[in-house]
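Visitor: Here are the chains, one letter per residue:
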Amino acid sequence: MTVTKDDLIDFVYDEARMLDEGRYDDWLALWLPDGHYWMPLDYQQSDPLLVTSYLYEDIFMLKLRVERLNGARTFSQKPKSRCHHVLSRPFVDRMEGDRFETWTQMHYVETRLDEQQLLALTARHELALVEGRLRIANKRVDILNCDAAFRNIQLLP
Amino acid sequence: MYETADSIAALVQGRQVHRDVYTSPEVFRQEMKHLFANAWVFVGHESQTPKPGDYFATSIGDQPVIQVRHSDGEVKVLYNRCPHKGTKIVIDRQGNTGKFFRCPYHAWSFKTDGCLLAIPLKKGYEGTGLEQTPAGKGMKAVGAVHNYRGFVFARLAEAGIGFDDFFGDSLSSIDNMVDRSPEGRLEVAGPPLRYLHHCNWKMLVENQTDTCHPMVAHESSAGTAVKLWKELGLPEDAPKPPAMEIIAPFMSPYEFFENMGIRTWPNGHGHTGVHHSIHSNYTAIPGYYEALCKSHGEEKAKAVLAENRHNTVYFPNIMIKGPIQQLRIFIPLAANRTLVESYIYRLVGAPDELLARTAMYNRMINAPTSIVGHDDLEMYERAQEGLEADGLEWVNVQRLYEEDEDFETEAVENGTTERQMRNQFHAWVKFMTMGAAR
Numbered sequence: 001m002t003v004t005k006d007d008l009i010d011f012v013y014d015e016a017r018m019l020d021e022g023r024y025d026d027w028l029a030l031w032l033p034d035g036h037y038w039m040p041l042d043y044q045q046s047d048p049l050l051v052t053s054y055l056y057e058d059i060f061m062l063k064l065r066v067e068r069l070n071g072a073r074t075f076s077q078k079p080k081s082r083c084h085h086v087l088s089r090p091f092v093d094r095m096e097g098d099r100f101e102t103w104t105q106m107h108y109v110e111t112r113l114d115e116q117q118l119l120a121l122t123a124r125h126e127l128a129l130v131e132g133r134l135r136i137a138n139k140r141v142d143i144l145n146c147d148a149a150f151r152n153i154q155l156l157p
Numbered sequence: 001m002y003e004t005a006d007s008i009a010a011l012v013q014g015r016q017v018h019r020d021v022y023t024s025p026e027v028f029r030q031e032m033k034h035l036f037a038n039a040w041v042f043v044g045h046e047s048q049t050p051k052p053g054d055y056f057a058t059s060i061g062d063q064p065v066i067q068v069r070h071s072d073g074e075v076k077v078l079y080n081r082c083p084h085k086g087t088k089i090v091i092d093r094q095g096n097t098g099k100f101f102r103c104p105y106h107a108w109s110f111k112t113d114g115c116l117l118a119i120p121l122k123k124g125y126e127g128t129g130l131e132q133t134p135a136g137k138g139m140k141a142v143g144a145v146h147n148y149r150g151f152v153f154a155r156l157a158e159a160g161i162g163f164d165d166f167f168g169d170s171l172s173s174i175d176n177m178v179d180r181s182p183e184g185r186l187e188v189a190g191p192p193l194r195y196l197h198h199c200n201w202k203m204l205v206e207n208q209t210d211t212c213h214p215m216v217a218h219e220s221s222a223g224t225a226v227k228l229w230k231e232l233g234l235p236e237d238a239p240k241p242p243a244m245e246i247i248a249p250f251m252s253p254y255e256f257f258e259n260m261g262i263r264t265w266p267n268g269h270g271h272t273g274v275h276h277s278i279h280s281n282y283t284a285i286p287g288y289y290e291a292l293c294k295s296h297g298e299e300k301a302k303a304v305l306a307e308n309r310h311n312t313v314y315f316p317n318i319m320i321k322g323p324i325q326q327l328r329i330f331i332p333l334a335a336n337r338t339l340v341e342s343y344i345y346r347l348v349g350a351p352d353e354l355l356a357r358t359a360m361y362n363r364m365i366n367a368p369t370s371i372v373g374h375d376d377l378e379m380y381e382r383a384q385e386g387l388e389a390d391g392l393e394w395v396n397v398q399r400l401y402e403e404d405e406d407f408e409t410e411a412v413e414n415g416t417t418e419r420q421m422r423n424q425f426h427a428w429v430k431f432m433t434m435g436a437a438r
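Those sequence lines, one after another, are chains A and B.
Note that the first sequence covers residues 1 to 157 in our numbering.
Note that the second sequence covers residues 1 to 438 in our numbering.
Any given hint might turn out to be false.
Unchecked claim - Here are the simulated PhoX-like cross-link-like pairs (lysine-lysine), alpha carbons at most 20 Å apart as the crow flies:
#1 227(B) to 240(B)
#2 33(B) to 51(B)
#3 240(B) to 63(A)
#4 123(B) to 88(B)
#5 88(B) to 63(A)
#6 85(B) to 51(B)
#7 63(A) to 227(B)
#8 123(B) to 140(B)
None of these hints come from the bench; they were simulated from the model.
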């Protein structure tokens with residue numbers, strides 16, 4: 001399979017749609033087993049490990065996060081949150097062999113009960129072609145107002 | 001309504017407290033005026049302002065203040081207000097101001113200890129008696145400042161209880177955290193998490209020693225983690241990933257929390273985890289024990305690491321975790337608004353893996369994106385809303401209550417007692433009513 005720019009752009013759109021529709025099993029299946037979902041705390045943060053981040057989660061933690069959403073005693077999800085991504089067209093920053101990088105600006109809306117919040121995001125996807133299928137090797141999501149005080153952010157921006 | 005000492009004292013009745021302590025804007029106003037002025041309140045860590053001219057803007061209760069390193073190396077705490085028109089002198093959260101502060105409105109300037117340095121066109125004040133006014137004295141300093149092993153505390157009131165009398169033996173928890181550094185020194189690591197709660201600040205402080213909620217409120221996160229781990233079908237003794245080490249102990253049974261013990265000290269301070277805690281069984285980091293022995297000697301190194309206190313509350317509004325070098329400050333914004341800031345510190349001279357675990361704990365447990373934090377916030381906010389119900393006006397704090405409890409002496413009790421909550425309310429009345437008319 002030869003990966004085209006359109007394939008990469010479609011992939012990023014499809015991933016956002018899975019999150020918005022709550023198709024988490026499909027979403028988890030996109031990930032390579034050693035991937036990390038990173039959401040830095042600081043503006044232009046370079047280190048995920050020795051300072052605090054919002055998220056730096058491996059597959060075990062992502063599975064836990066998703067599994068919890070459906071739990072009978074997940075009190076903060078009664079009622080459930082909903083989310084909505086609006087994407088600008090992803091830039092394809094790198095196409096080298098089986099590795100690819102995209103850069104995408106998004107508006108992310110999350111709502112529950114009477115509250116709704118809007119986050120402006122930049123998502124960087126590292127994608128890999130493995131056995132003929134595109135997968136997420138790593139994903140980094142930066143929040144524009146990362147240094148603001150937030151209330152609960154319960155789903156995946 | 002709550003102007004007199006008697007009316008405040010009547011809100012706390014041993015086994016129960018009146019809901020107005022959480023919901024009343026008037027009580028909140030009195031807390032800002034009295035409690036946060038009379039108590040010693042945490043300001044910041046000295047490593048946030050390491051060099052002369054470095055400053056850090058924060059608040060003590062509702063009072064805007066600046067922690068600044070003066071030219072003589074001392075840490076000063078000044079009100080963040082120009083004595084001229086009231087303009088905040090600094091508006092960013094941190095920076096370096098050089099040798100002096102300069103107000104951006106009319107360029108009055110001040111030394112970093114607050115003293116007035118210069119006023120443009122000063123002849124306009126000649127013969128007006130400026131030096132006799134508060135404005136002529138410069139930026140106002142808080143009543144008293146104490147730097148204890150890097151942790152900077154301030155008392156707003158000019159006169160009142162001394163630092164040592166206020167904290168007493170509770171400082172042993174700070175000692176333990178600092179002694180875990182082979183160089184006896186901590187450094188702040190990056191910015192804090194900032195998490196906004198629509199509830200009263202005291203609910204968060206009480207929750208720090210509430211040992212009967214983890215296995216209930218956090219079943220969805222910690223319980224699910226344990227379940228997923230079992231489903232992997234690994235052998236019993238397979239090494240757990242750090243994430244599991246951190247989150248699984250939240251599901252420990254009641255017995256674990258009963259046996260861990262709670263210690264209370266005078267003036268509202270106390271801690272969970274006297275005998276063991278959820279932090280007791282973390283995997284040892286190679287090279288750390290050796291580094292600690294080298295600086296402390298083996299006996300002291302062992303003693304330092306044997307202490308695994310869980311949460312230490314320093315009344316009124318911080319909590320520290322010695323074994324993983326964290327500090328959370330519960331900043332009151334309104335009767336039903338609290339900003340929580342969660343800091344982490346590097347143990348200077350220790351391997352990086354310790355800081356990596358500390359950072360992991362912070363994001364997993366204390367972040368607005370934390371699956372543990374989500375359920376805590378849900379409980380606080382449901383309580384804040386539920387307290388409006390008029391049928392019941394009192395909140396119960398009587399688990400393991402005893403007649404004639406003496407909060408002026410240290411005590412160690414069963415780890416599920418609510419004595420520490422009662423201890424906080426005892427101190428709350430004391431510092432709310434200090435010097436007030438009956």
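Visitor: Each hint needs a verdict: does it hold in this structure or not?
Guide: Each hint tested on the structure:
1. 227(B) to 240(B): Distance ~13 Å between residue 227(B) and residue 240(B) Cα, so the pair holds.
2. 33(B) to 51(B): violated (32 Å)
3. 240(B) to 63(A): holds (16 Å)
4. 123(B) to 88(B): violated (25 Å)
5. 88(B) to 63(A): violated (47 Å)
6. 85(B) to 51(B): Roughly 29 Å between the alpha carbons, so the hint for residue 85(B) and residue 51(B) is violated.
7. 63(A) to 227(B): Holds, because 11 Å separates the two Cα atoms, which is no more than 20 Å.
8. 123(B) to 140(B): Violated, at roughly 23 Å.
Checked against the numbered hints given earlier, this structure breaks hints 2, 4, 5, 6 and 8; the rest are met.
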